[in-house]
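Take the given structure of chain Y and dock chains U, H and F to it, following the hints.
Number of protein chains: 4
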Amino acid sequence: MLIVMHHHATDDQIRTVQEAVAAMGLQALPIPGSERTAIGVLGNQGYVDDAGIRELPGVREVIHVSKPYKLVSRDFHPEPTVVDAGGVLVGDGQPPVIIAGPCSIETEAQMLASAHLVKAAGAQILRGGAFKPRTGPHSFQGLGVEGLKLLRLAGDAAGMPVITEVMRIEQLEAVCRYADILQIGARNMQNFDLLKEVGKLDRPVLLKRGMSATLEEFLAAAEYIVAEGNGRVILCERGIRTFERATRNTLDLSIIPLVREMSHLPIIVDPSHATGKRPLVPVMAKASLVAGAHGVMIEVHPDPDRALCDGAQSLNGPGFESLMGEIRKLVAFIGY
Amino acid sequence: MLIVMHHHATDDQIRTVQEAVAAMGLQALPIPGSERTAIGVLGNQGYVDDAGIRELPGVREVIHVSKPYKLVSRDFHPEPTVVDAGGVLVGDGQPPVIIAGPCSIETEAQMLASAHLVKAAGAQILRGGAFKPRTGPHSFQGLGVEGLKLLRLAGDAAGMPVITEVMRIEQLEAVCRYADILQIGARNMQNFDLLKEVGKLDRPVLLKRGMSATLEEFLAAAEYIVAEGNGRVILCERGIRTFERATRNTLDLSIIPLVREMSHLPIIVDPSHATGKRPLVPVMAKASLVAGAHGVMIEVHPDPDRALCDGAQSLNGPGFESLMGEIRKLVAFIGY
Amino acid sequence: MLIVMHHHATDDQIRTVQEAVAAMGLQALPIPGSERTAIGVLGNQGYVDDAGIRELPGVREVIHVSKPYKLVSRDFHPEPTVVDAGGVLVGDGQPPVIIAGPCSIETEAQMLASAHLVKAAGAQILRGGAFKPRTGPHSFQGLGVEGLKLLRLAGDAAGMPVITEVMRIEQLEAVCRYADILQIGARNMQNFDLLKEVGKLDRPVLLKRGMSATLEEFLAAAEYIVAEGNGRVILCERGIRTFERATRNTLDLSIIPLVREMSHLPIIVDPSHATGKRPLVPVMAKASLVAGAHGVMIEVHPDPDRALCDGAQSLNGPGFESLMGEIRKLVAFIGY
Amino acid sequence: MLIVMHHHATDDQIRTVQEAVAAMGLQALPIPGSERTAIGVLGNQGYVDDAGIRELPGVREVIHVSKPYKLVSRDFHPEPTVVDAGGVLVGDGQPPVIIAGPCSIETEAQMLASAHLVKAAGAQILRGGAFKPRTGPHSFQGLGVEGLKLLRLAGDAAGMPVITEVMRIEQLEAVCRYADILQIGARNMQNFDLLKEVGKLDRPVLLKRGMSATLEEFLAAAEYIVAEGNGRVILCERGIRTFERATRNTLDLSIIPLVREMSHLPIIVDPSHATGKRPLVPVMAKASLVAGAHGVMIEVHPDPDRALCDGAQSLNGPGFESLMGEIRKLVAFIGY
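Chains as they are written, first to last, in the working numbering: chain Y, 1 to 336; chain U, 1 to 336; chain H, 1 to 336; chain F, 1 to 336.
The following block holds chain Y by itself, in its conformation from the complex:
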């Protein structure tokens, strides 16, 4: 931690800050400068709460050097983590994982068709939403537990592990009964109670980045899960909210290499939610893999024009098969 004093800070004010630091059991090291004095703080084990310092007279700014996460960082865990997601390995040294399926679970026929379609095309994990977060209360909200059963049925029929979103703690038991992998959605990335609960489970978790979450907050959210004992976390970039509305969100691909440098956790990309536009999905899926993503999650619907949710960003069968053909070539080229 570095405490930057105001230009006009008095010697007394500087001394008071040093004493406050000492009272926290830490060491204070003044760094006099030509314009102002800064005070380095030594001896802390991790992130220090600056509440007792920031408002002392003469203090202009407190700069944190430590981060609000540690377990998920490469600094303290240099080896990459490979997550076993229902039998599929996700992470460094593995071919990229392809998760595919419809946004919403609608009917048995739709789920079976989706599962066979994506399996035949080469996807390894089946996705489908039973609990749907929707902006307004008057939109379709998902089938609930009935949907979970259809997802399991379809996954078993096609021989694929399945992933679905869990929105609240009470759903955890049901979701764990039917799903192999838990998904935490963007709107729940800072639902800290939910994070802690899934942290207590022995189940892989896909954590989506919040719509306005910084990379630091994203990693700190993963830290909540890992700190409870569950280290099987897969991160997922799905676009952030910016002023640009030509796409649904702004896909922030540059964080892929950055996360790979800063964290040992695997990270995948969801180009469907990020762009919100079907024609952009295949090209952004490929760009994601070249950027270093450990996989992609793609919305696929056997009949997107009749989908109850997000049809506009879903690929149909032939579209997904064609993308998978291109991905196979790309993966061979990259050389996994």
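Since the hints were derived computationally from the structure, they do not count as laboratory data. Heads up, some of the hints might be wrong.
Since the list gives no way to pick one copy over another, a pair counts as held whenever it fits inside one copy or between any two copies.
Said to hold, decoys possible - Calculated lysine-lysine pairs in the BS3-like style (CA-CA distance at most 30 Å, straight line):
#1 200 - 149
#2 149 - 196
#3 119 - 196
#4 196 - 67
#5 67 - 200
#6 67 - 119
Same frame as chain Y, but now just chains U, H and F:
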């Protein structure tokens, strides 16, 4: 709903769209233009899901005229709503409500001191957090139910209704036992299950705007609560996330008059969380009231420099008393 | 400057950084921590370019303590600056300045009507645009020098100093011939050549904040002007670009008290461009003054529905008179 | 254009709007709905100014179907444009162009070394900045005309066309004397006078996206150049400003396929400025090409640690050679 076709859309494509609209039980009215054709959709009752339309060949854009909320809008409920919040009336024609207290509940002494302090200065409602959402898992997370008891105790001692944040459905019973008003925090604004549950209660709710929520999403979140039967919703602007980091968030005061025009619900402002800087709180509190806010929520701590949470944005006793003196004069000037 | 090393940085890497700092003629002070070492840099006069440091092996981050501005800061110039703007004093201790007039200069009749209207209502400075920045090339671009003459004519007729935007260096001579105050628009806030040229003039300058400019960049832009010798700079907050599109821009009122703390320059607010909506302008003008703005700039048009530019945010005559009545009361209340 | 009326709009108000539309020489077509009436406007040639409509009583919203650009859109020019940039063809069906060189021109030795280095590695166009926009006035501002001469010298020595940024109209003559391609920087994307002037020249232009420019504004800025007669415009995505500060800007790769769909102009990517971090540049350059970019612009410096500007994002010689090797393989794979 208006469907805008591509410049090069064929007559066949236009016809197909018209048929798809008809199949939804709605009327399609083509509007030929010099550059392109648009198709007006008539006969819908509220928001229409455009999934079956948006991806038809030749469609460039679908523009929604209806909004994802209705119950909270002035269009359908022109009379302003005045919410009874633990005996304090909040809304049009009422003097602005002042909610004050510490960010976190820490000790009995701290809560009693806070309650007497803010009561004496003129606040009507006592705030205090028992469950604290924190970015990283290694920070203080709140006292939980013990905190709720201290909050109640302090409120009773000072003769004030109390408000506290509820973060998950399982906490609702406990929170309702001890608190008069429920607060939904910014991170939970789109925790739709939580919104629905508080919508079923007979208890006033303070709903904070999400960090990256548009005004439309904010009102749609309130709609979730009202749609379940609980019309006692108070909105709260607390700053949005932007590129500017000189303040903790960017306080979006312009939405105050806009919400007052679009919705019948009352809206207050939290300048403490918005700015994150103690010296800015009083001036922005006053600007909020002039902008038309129905009240403000202010963080006050008897000893901010030792607060376990957000001390840097809390006023101390004399600071709050001084602000209340200024607010009283301002309110007299505005002339409630 | 503080150089933060990686957790795993070697002693050799730390030594190399120390040597690089020494080679820049500065002192390096290592601050060993439990997680990593930081290196304080001493002896710099102002902002240091970190290009030679940031990419040395083992360096994780370089944190600047000095700012890219100095002349405009209170640290080095504690006394507030009062700018003489065509005879009207703007700054601390002065009643707030009211600048009013149409977005675009259209006709002699329109300008004369506007000038007499705003003068009668109590405005001190007349505004009007002769050179208009427009998103697309097919919109009205302003009358140019003819417009400048009409502005001067109207100002003289009503006995008011006039302000107008200058968009390029070649316009400076003409604009200086006709206008008392130069306005630099948001799109030109980082047109550094233009800033330098107006910095060489003996003419007050109104500098608008760029649409995506941080407060630091805003002050650094003002520094360009002041560094050339022209200290008569008035800052103007006019809203920033965020994800929220319910208003044209997001008016960032919280920076008003912050600028007053950090800089000695006066700052005013343009609620017309910020909100883009006529009904919001009066209320946000008043909130701006309560937030501490040294004035406001208001778009007024005798017949807004026929304005060639931005009519939707312009007040008409009665609207402006009514606002001025309220401002007068507010100013009396605040007690200038 | 579609005019949406308020829920409570009266028949009289609707009639008044219809008359106002008629007075503009256009046709008004009312579309009654269950919640509100909308009025379609027919007969316009391109974008219509809505100033006379938006503020009529009863009008809630005006929705534009036409865009503020036309010449740059595929709607009116379906064939892709291939730009001859100093003898190098940029656009569909061409191998991606590689533009490389230092951020700032510093010395003859540095420029000659850079030119030979990037040429040998396979770059086709040499870049270098003679006029540098810098946030604060106390940073290195570029060599000016001396720099242009060094750029030309180095380009000739290596047999490469050269590109450099022009910041103001007065520089155009000098820049045109020495450079083959003009660059308009992000800060000048809406410097409309500059756009018009380069629009009158017979010289290819690289137009960078503004830091907070929407895609619509970006294309409208290109329209300014094309409307003056210069159709040789290459667009350049270089990252937008968002709340995320882990990278210098947020590289918005999803607009690449979108621009290719909406416009016939070629578009390239600058991963150096977008990310601001050397280790991210190669991977994002490759992702850009896979996303469909017609080329990339890369900062290369023979000795980045001693660069006067942006050294932290510059590749050194071996780094650039290695990237070029990977790009060659990728290009062969993609199959140009």
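Hint check results:
no.	hint	in the structure
1	200 - 149	both (24 Å within a copy, 28 Å between copies)
2	149 - 196	both (26 Å within a copy, 24 Å between copies)
3	119 - 196	neither (33 Å within a copy, 37 Å between copies)
4	196 - 67	within (19 Å within a copy, 35 Å between copies)
5	67 - 200	within (23 Å within a copy, 40 Å between copies)
6	67 - 119	neither (41 Å within a copy, 38 Å between copies)
When each numbered hint is compared with the structure, violations occur for hints 3 and 6.
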